[in-house]
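Residue numbers (numbering that gives the first Met the number 0), protein chains in the order written: chain R, 0 to 162; chain H, 0 to 162; chain U, 0 to 162; chain D, 0 to 162.
Some clues are possibly wrong.
What the hints assert, rightly or not - Some but not every residue of chain H turned toward chain R, in silico, with C-beta under 10 angstroms:
(1) 31
(2) 71
(3) 91
(4) 111
(5) 136
(6) 159
Bear in mind the hints are in silico, worked out from the structure with no lab data behind them. Ideal Cβ positions, reconstructed from N, Cα and C, are used throughout, including at glycine.
Number of protein chains: 4
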Amino acid sequence: MSRIIVGVMGAGRDASAEAREAAFELGRLIAREGWILLTGGRNAGVMDAASRGAKEAQGLTVGILPGKDTEGMSDAVDIPIFTGMGQARNNINVLSSRLVFACGIGAGTASEIALALKAGKKVILLCCNQEGIDFFRALGKENVLVAAQPDEAVLMAKKLMLT
Amino acid sequence: MSRIIVGVMGAGRDASAEAREAAFELGRLIAREGWILLTGGRNAGVMDAASRGAKEAQGLTVGILPGKDTEGMSDAVDIPIFTGMGQARNNINVLSSRLVFACGIGAGTASEIALALKAGKKVILLCCNQEGIDFFRALGKENVLVAAQPDEAVLMAKKLMLT
Amino acid sequence: MSRIIVGVMGAGRDASAEAREAAFELGRLIAREGWILLTGGRNAGVMDAASRGAKEAQGLTVGILPGKDTEGMSDAVDIPIFTGMGQARNNINVLSSRLVFACGIGAGTASEIALALKAGKKVILLCCNQEGIDFFRALGKENVLVAAQPDEAVLMAKKLMLT
Amino acid sequence: MSRIIVGVMGAGRDASAEAREAAFELGRLIAREGWILLTGGRNAGVMDAASRGAKEAQGLTVGILPGKDTEGMSDAVDIPIFTGMGQARNNINVLSSRLVFACGIGAGTASEIALALKAGKKVILLCCNQEGIDFFRALGKENVLVAAQPDEAVLMAKKLMLT
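Based on the provided sequences and hints, a complete structural model is requested.
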C-alpha cells in the first residue's frame, strides 16, 4: 500500500516571510505524520521551506519540477521528478496529492488551487489574503478550508483523511 | 506572419446562460476582427458558444482538447488539437493566446486566468462574480481588465494590442 | 466538419538535404489536397521545409512548438500552438494528425513514429535508413508504410483515408 | 543530496515472459544498489515486475502514471505520480531517470528509448529483438548499450555512473 502524499503549494521568490515560516513548519509536521511531502521542487520560497522542514523531521520529499534538470532545484528534495513542461506540471502536483495545502497565493499557486478543486481535491489555505479566501470559498465551497496556523492545518487534514 | 490568436476561456456544462450568450457574441466579434479564436474545444458551454459565434462570422476556430480524440468535441472547431492531457492543457491554451477573455469563472477557467497571469498575459474578465474580480485584480493588477459587454471587451483587446 | 490534418515529422538542424527537399514537396502536395499541415513548428530542417512547401501552395500550417513563445518558430507557421513542454509535445503532434509522414529519422522523429503507432495511427516513412524501416515495420506491421517519393507518400495517404 | 533514480521501461500486457522475468531481477538488483526505481507505474508487464522485484529487495519505487488516479496502478509502487497525460508522460519518465533500462520493445518503450536519446541519456537494452538493437544503435551510437542479462545490465550502469 502506497504511503500518503500531500502537497504544499506556494510561491517561489515572491513568497512572504510569513508564508515561508508557515511552510517550514508545515513540512515538519507533515513529516511527523509519516506523510510524504510533494512540492513544486524549486529552491525558493514555500517549496524550498516546506522541503527543508520535512527533512528536519526525517521526512521524504518529492519535487515535481518545471524544468528538465537539476537547475533551480531545492537541495531538500529527495525524489526529483523532471517534467520539462513548465507550469503545465501544476496539474501533476495536484493530481498526485491526497490533498493540497496552499501557503500564500501567487499566480502559480492560484492555478494549483483551481486545478485541485477541478480535480475534486480538498484544499487548505494558509497565509492567504481575504480576496483569495473569499474567492476560493465561493468557488470550491466545502472543499476549501482555511487554517490560521500550520498545526491547525495538519489537524484539518487528518480529519479529512478519516472521512 | 502568423495571424493573431486570442483565447476565450469558460466553463463547459456549468456555464450560465449569460456567459454562453456573451461567449457567442465574443466569438462573433473576434472573427470580425480577423483574429483566430482559441478555446478548450469541447461541445459545451462557453467553449462551444464562442466557437459557434466565430463560425457564424466566418472565423477560424482552434480547439485545444483535453482528450485524445473527437469525443466531446465541438462541431464548431475547425482545427482540433488533441492533447490527451486533461487539464494540463490549460497552460497550452494561455501560452498560445495573445490575450485571454474569461467568460464566467469555474474552477478550470480560474486555473487558466491564473496561468495566463503567471505567463505575463493580459486577461479580460466578463460575466464574473465580484469575488473573482476582486481576487484576480489583487493578483494580476494592471494585467486584469473587467468588461461589462462583449463589444467593450473586444475594444479593450484592440487597445491592448496597440501597446 | 473539421478539415483533415496530417502531420509531417522530421529532424530540425540535423535533417539531411534529401529529407528537407522531400519535406518541402510533401508540404506542397499536402496543401494541394486541401489538407492542413501539422509540424513541430520550428524554423529548421523538415518542420520548416514542409511548412514552406505548404505555404507555396497556399495551404494552412499548424506548428506545435516545444517552447512557450515565438523564439525558434518557423515563419511559415500560420497557427502556432505554444506548449512549453519540450519533447512531451510530440504526443500532441501525433494525436492531432489523421496520419503521420516521417521524413528521415532522428531521435525526436523516432519517438513520434513510436507514439503514433502506440496511438493506433498509420505512419508513412520517407528518406529513412534501412534499420529504421526494418525496426518500425517489425513494430507496427500494417500500420507502417514506406514510400520512395513524396507523391507516392501522398497517394498512399489518400488510399488510407478511404478505408 | 538526492538519491540516484534509474528507469526501467517496458511493455504492459504485451510484455513477454522473458522480459517480465528480466524486469523482476533488474528491479531487485537496482534496489540492492540503493538506487530508486522509476517505472511507468502500471499493474502489468515490465512495470509491475520491476516494481515487485525492487520491493522484494526493500527498494523504493516511483511510478509515473498515465492516468489521474490509482486505477490500473501497480501495488508495488511506493510513490505514484499521477500525470493524467497519457503517453506524453513518457518524456517525464526519461527526464527523471539518470539512465534508462529498456526491457523488451513495444511501441511505448520505443518512444521512451527515443526520448531518452533525444535528452542525451544512456539506454541499456535487454530482451530486445535484433531490429531494435540495430536501429537504436544506429540512432544513439555510444549512448546505447546491449546487455544479455540483468546483472550485466546493472554492471554496465554502475560503470556509466562513474564516468
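Of the hints stated earlier, which fail here? 1, 2, 6
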